[in-house]
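Q: Those sequence lines, one after another, are chains A and B. Numbered according to the working numbering, the first sequence spans residues 1 to 404. Numbered according to the working numbering, the second sequence spans residues 405 to 808.
Check the hints yourself; a few may be wrong.
Unchecked claim - With a straight-line Cα cutoff of 30 Å, these simulated DSS-like cross-link-like pairs (lysine-lysine) come out:
(1) LYS22(A) <-> LYS91(A)
(2) LYS670(B) <-> LYS23(A)
(3) LYS22(A) <-> LYS495(B)
(4) LYS426(B) <-> LYS266(A)
(5) LYS673(B) <-> LYS175(A)
(6) LYS91(A) <-> LYS426(B)
(7) LYS807(B) <-> LYS286(A)
(8) LYS10(A) <-> LYS426(B)
No wet-lab data here; the hints were simulated from the structure.
Protein chains: 2
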Amino acid sequence: MYKINENYQKLPGSYLFSTIAKKVSAFAEANPQKEIIRLGIGDVTQPLAPAIIQAMHQAVDEMADAATFHGYAPDLGYEFLRTAIAEHDYKARGCDISADEIFVSDGAKSDSANIQEIFGQDNRIAVCDPVYPVYVDSNVMAGRTGTYNAETETWSNVIYMPCTMENGFVPEFPKEAPDIIYLCLPNNPTGTTITKQQLQEWVDYANKIGAVIIYDGAYEAYISEENVAHSIFECQGARTCAIELKSYSKNAGFTGVRLGYTVVPKDLKCQGASLNQMWARRHGTKFNGAPYIVQRAGEATYSPEGKAQLKEQVAYYMKNAAAIKNGLGAAGYTVFGGVNAPYIWLKTPGNMTSWEFFDYLLEQANVVGTPGSGFGPSGEGYFRLTAFGSYENTLAALERIRKL
Amino acid sequence: MYKINENYQKLPGSYLFSTIAKKVSAFAEANPQKEIIRLGIGDVTQPLAPAIIQAMHQAVDEMADAATFHGYAPDLGYEFLRTAIAEHDYKARGCDISADEIFVSDGAKSDSANIQEIFGQDNRIAVCDPVYPVYVDSNVMAGRTGTYNAETETWSNVIYMPCTMENGFVPEFPKEAPDIIYLCLPNNPTGTTITKQQLQEWVDYANKIGAVIIYDGAYEAYISEENVAHSIFECQGARTCAIELKSYSKNAGFTGVRLGYTVVPKDLKCQGASLNQMWARRHGTKFNGAPYIVQRAGEATYSPEGKAQLKEQVAYYMKNAAAIKNGLGAAGYTVFGGVNAPYIWLKTPGNMTSWEFFDYLLEQANVVGTPGSGFGPSGEGYFRLTAFGSYENTLAALERIRKL
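Okay, chain A solo, but in the shape it has when bound (with noise of 0.2 Å):
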């Protein structure tokens, strides 16, 4: 008789978006005539960029003809794709990174979840609280967490490290080694991120220790500071300790298109194990890579229009999370995020619990955002917002928010 993993079954309830998904379905279903603004999961709503948008067309067409057809596309991602990625995203920035350390994917949501099975069972995690679901989820599933205290709604083998008002959301080196360091930076969902030097006393630490940072860089672009880094490898001696993630759904709206990519440093090696070649090899094995028109889609965005195009769109959230910032501010919340991300951070007003609050704006305001409670315990009492809305939206949002 076949075994299931047990593992799955102790995950507590499901995947937090799907469990807003389903909320905000049931409430749209009871109260049709409502008009729901969605500032909740994070979903782009502008459309893709024009320079993107001819290179798909252009890309479906090469796949018309026998001529020009493009069948399984190499295990790593096209050459094409990684040189850009290489030369804009890292040379560009003065960071020494190669294309065959760079693994075109899918997204970033199936790597952030993939990745942590090249690594053995025995290691402990320390992930940043309130994190992105995914990180800890993928341990979950893997055996790795230990076991869960519904009370505290915490895993006996996670090192959490508190992000909040008082430590001015910057995570503060634990006080037991981990092994793995899951970083998300700009931060979703506090919407915070740290400085240059504070990323770099985190690969010094991780240097010390032998610890491999999982860097989680999808908020990238929406970084309007000077002193913070664009990538982990602006770093001195990241490329020992150092895995980054990026994704193209942020800064390009790729939610529905689906790309992202993974940097494996060459340097990054365990007892003499290269990361980069169990990568390579876990990529290879388990996965056929993305689309050729999504690839030509990414490539799409290094060029000199897709850049000011997208610069343009980042430009246009921003403006939104501008207000929703001030708006809320000035109505008497307290706010924090949405100067490098996309993301503002709200306490929720009273004694409101994340979820009560939840209900409260769905129900009260047709106002759908994401308890803060849902990515871990020191979200509690929090509230995220994002500014992906459409301007209109995001000021119909405010003002019923603030009519409450």
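Dock chain B against the given chain A, drawing on the hints supplied.
A: Here is chain B on its own, set in the frame of chain A:
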């Protein structure tokens, strides 16, 4: 200090098709004047059908307008595609499968590698020998296969079911009861298949011993004989013991488009745990949907025009299969397959090993095939050719092989 997944170190050599790609690329570099014909890796060569191209252009245009833009897809795949699958691939064949038992993915390779994750560590897998390498390799990475014997090229904790000339390439029930049985029918690499009645016996066997069958139906579109099942769910009782993987790579030429789906029936339960729910959780946590554009392309394969165009495309490849089979047969080779599958499986001439014949064919005829031993020990002395070339190239390759 972090630890790596030591199971990766156990993997002998690299992924089969990566090895072939490297060998061919080295030969091409050393012999730039030679025109290589590739009948190896199983990649298609015909362009996408017009109905699919049209659907993709339309979907790209939708992504260019905020009013019709599509961001994150629903976890399980878009309703329009899942409904089309349930209707055309199941209900039309009398199979009782509903849309919420269908999980759309980025292709059957990913699914066939990932599906083992929802099972516990202490399951024993059974595979046909020869076999598509991903089934075994993904279980090696998960630590389920025991130790590797380099001499016999087998894993201590894998049950091999030899499929050779001697048993007509029909796997027999193993002596030891397996927990998870991988069946790919019509078969890659042998190009052979079994009757619906024989498949029913496997379903009965699995239900009797409490095993689950992972049924890879990637080549279903190539079935030409009446008594062969197009889905395992044509068999009585399959809903309590089978998971089916399907691909659009071969029936619609999506090798570079990336789309597939997996069916996990709600009746598939292990001590009360629903495998359907477990796979939904896995999908929701570690995957973020296939691209909207690609799902629309998938939908187009079910339109009347799409169906007619793909029928022609399959017929085109099967004409190649017949040409190879008849041509090599006439030249004195012993050949199998090619009737219900786009693969020809041949005995290597003389006493050549599979890799010897690979090198011989590459060097003397500049034709690339796949060595049978790359698929498992019982594949030694066999060789796979695919029907996925152009008709002209297929005839040219045949002519070169005949002249050897």
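Q: Between LYS10(A) and LYS426(B), does the CA-CA distance stay at or below 30 Å?
A: At roughly 43 Å apart (the allowed maximum being 30 Å), LYS426(B) and LYS10(A) break the hint.
Q: So if I understand the rule, the pair passes when the alpha-carbon distance is 30 Å or less; does LYS670(B) with LYS23(A) pass?
A: Holds - the C-alpha atoms of LYS23(A) and LYS670(B) are around 23 Å apart, at most 30 Å.
Q: Assess, step by step, whether the Cα of LYS807(B) is no farther than 30 Å from the Cα of LYS286(A), and give holds or violated.
A: With Cα atoms ~39 Å apart, LYS807(B) and LYS286(A) exceed 30 Å; violated.
Q: Would you mind confirming whether the straight-line C-alpha gap from LYS22(A) to LYS495(B) stays at or under 30 Å?
A: Given that 30 Å is the threshold and the Cα spacing comes to 28 Å, the pair holds.
Q: Given the hint that LYS91(A) pairs with LYS426(B), test it: the Cα-Cα distance must not exceed 30 Å.
A: It holds: about 28 Å lies between the C-alpha atoms, which stays within 30 Å.
Q: Given the hint that LYS673(B) pairs with LYS175(A), does the C-alpha gap stay at or below 30 Å?
A: violated, 43 Å
Q: Given the hint that LYS426(B) pairs with LYS266(A), does the C-alpha gap stay at or below 30 Å?
A: holds, 20 Å
Q: Quickly compare the C-alpha distance for LYS22(A) and LYS91(A) to 30 Å and report which way the hint goes.
A: Since the Cα atoms of LYS22(A) and LYS91(A) sit roughly 44 Å apart, the hinted pair is violated (cutoff 30 Å).
When the structure is compared with the earlier hints, violations turn up for hints 1, 5, 7, 8 and for no others.
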